[in-house]
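With the hints as extra help, turn the sequences into a complete structure.
Number of protein chains: 2
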Amino acid sequence: MEKVKVIEIKKSVFAENDKDADDLRKELKTKGVYLLNLMSSPGSGKTTTLIQTINWLKDKIRVAVMEADIDSDVDAVKIKEATGIQSIQLHTGGMCHLDAEMTRQGLDNVALEDADLVILENVGNLVCPAEFDTGAVRNAMILSVPEGDDKPLKYPLMFSVCDLVLINKTDVMPYFDFDLERCKDNVHQRNPKAKIIPICAKTGEGIDAFTEWLLKEVNSWKK
Amino acid sequence: MEKVKVIEIKKSVFAENDKDADDLRKELKTKGVYLLNLMSSPGSGKTTTLIQTINWLKDKIRVAVMEADIDSDVDAVKIKEATGIQSIQLHTGGMCHLDAEMTRQGLDNVALEDADLVILENVGNLVCPAEFDTGAVRNAMILSVPEGDDKPLKYPLMFSVCDLVLINKTDVMPYFDFDLERCKDNVHQRNPKAKIIPICAKTGEGIDAFTEWLLKEVNSWKK
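Protein chains in written order, with this note's numbering: chain A, 83 to 305; chain B, 83 to 305.
What the hints contain is simulated information worked out from the structure, not anything from laboratory work.
Warning: the hint list may mix true and false statements.
Pairs count within a copy or across copies, as identical chains cannot be separated in the list.
To be verified - Lysine-lysine pairs mimicking DSSO-like chemistry, simulated, CA-CA at most 30 Å apart:
#, residue 1, residue 2
1, K275, K87
2, K162, K266
3, K284, K266
4, K111, K101
5, K284, K108
6, K298, K113
As the structure is a prediction and not an experimental result, all values here were calculated from the model.
Here is the structure:
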């Protein structure tokens, strides 16, 4: 028996993704639902970060999650079990990203009347997801310490489209050649306006700053 | 002044990638050149692994490297400076993978008469590069400990197309919830024939086993 709803996403038939994305954003505005698009490499800690974040937020606002994955549904199940919130799995059928139409297919399966915030955990990939506007209000990404502080130089588009960069796994910084200031400089070279929050999803460090940012965002979107 | 040759790769005009890849492999066989396609997530340690490996190999066989990246050329420069071998940079212009025709564009810029082994460092991405045969003799990948032992379940195609899986950054295993045996089981679930070698590119541990495998491969290809 499936523990969470699993949606097989079909490839978008619409070429005009930017228009689709804008339309979706307008609809979400009308419904008072804030959509956050969360991107990262595989293994950066997206799911653990979400569990921590949702457990901080769920008494204050109503949160739902859409987990996009090529195949498995381990993440959606993990989030549902750890937080109890609405959590659905989107299967991309091998596709490396989500566009606005694919995001809409996911949202059609979320009870939006019971959500203030929907978080879309995009496919683990620093390349393709950066190229497609999903219709989210903001893009956020996680860069984890073991990946290295040079990643903004190597994946420039991803860093330039993100409003928020979470730097995760700060607890292992002593074991890696990772310089936080150099990393911040590299991010700001690509995107001077990016907000950067160091976090450790495992210990919970920095999650308060992230949730504070999110709460402000959701409240001003719903006005 | 450019420190290494930088090639701007154009999108392939040929739809029949599998045929192109087979043709390229046959040509390489005739020329006695072995091509290895090395894939991984961003930040798994591909470049550091290559530097260690090349320094072990370069007195035994002639090695050349093609570094594929969306934009920067830091990796090709780093490899050239650390090893002194032929090292060129392929710019994919935002593209998330290389196919056989794009690989050929790169090889056209390598002095193949001076190479026994060419290593293609593919774009850092666990999704798209798995879908395209580059014309390489073998596919190898690096999974690093901080990414987690569950990645074979989440990126099944990548693990199923790889003949060799290097598990890198074994030195930080005590700081992560990573079980080597569970990881091996997960890899073999997807690909029972995959050879797995744990390595630590930073300390050099396991690089001997990797180079031994590579030498055997190259020698039998050249027969």
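Now the hints, each set against the structure:
1. K275 - K87: Neither way: K275 and K87 sit 37 Å apart in one copy and 33 Å across, limit 30 Å.
2. K162 - K266: between (33 Å within a copy, 27 Å between copies)
3. K284 - K266: both (22 Å within a copy, 24 Å between copies)
4. K111 - K101: Classified as within; 15 Å inside a copy, 49 Å across copies.
5. K284 - K108: Classified as neither: same-chain Cα gap 36 Å, cross-chain 50 Å, threshold 30 Å.
6. K298 - K113: within (18 Å within a copy, 62 Å between copies)
The earlier numbered hints that this structure contradicts are 1, 5.
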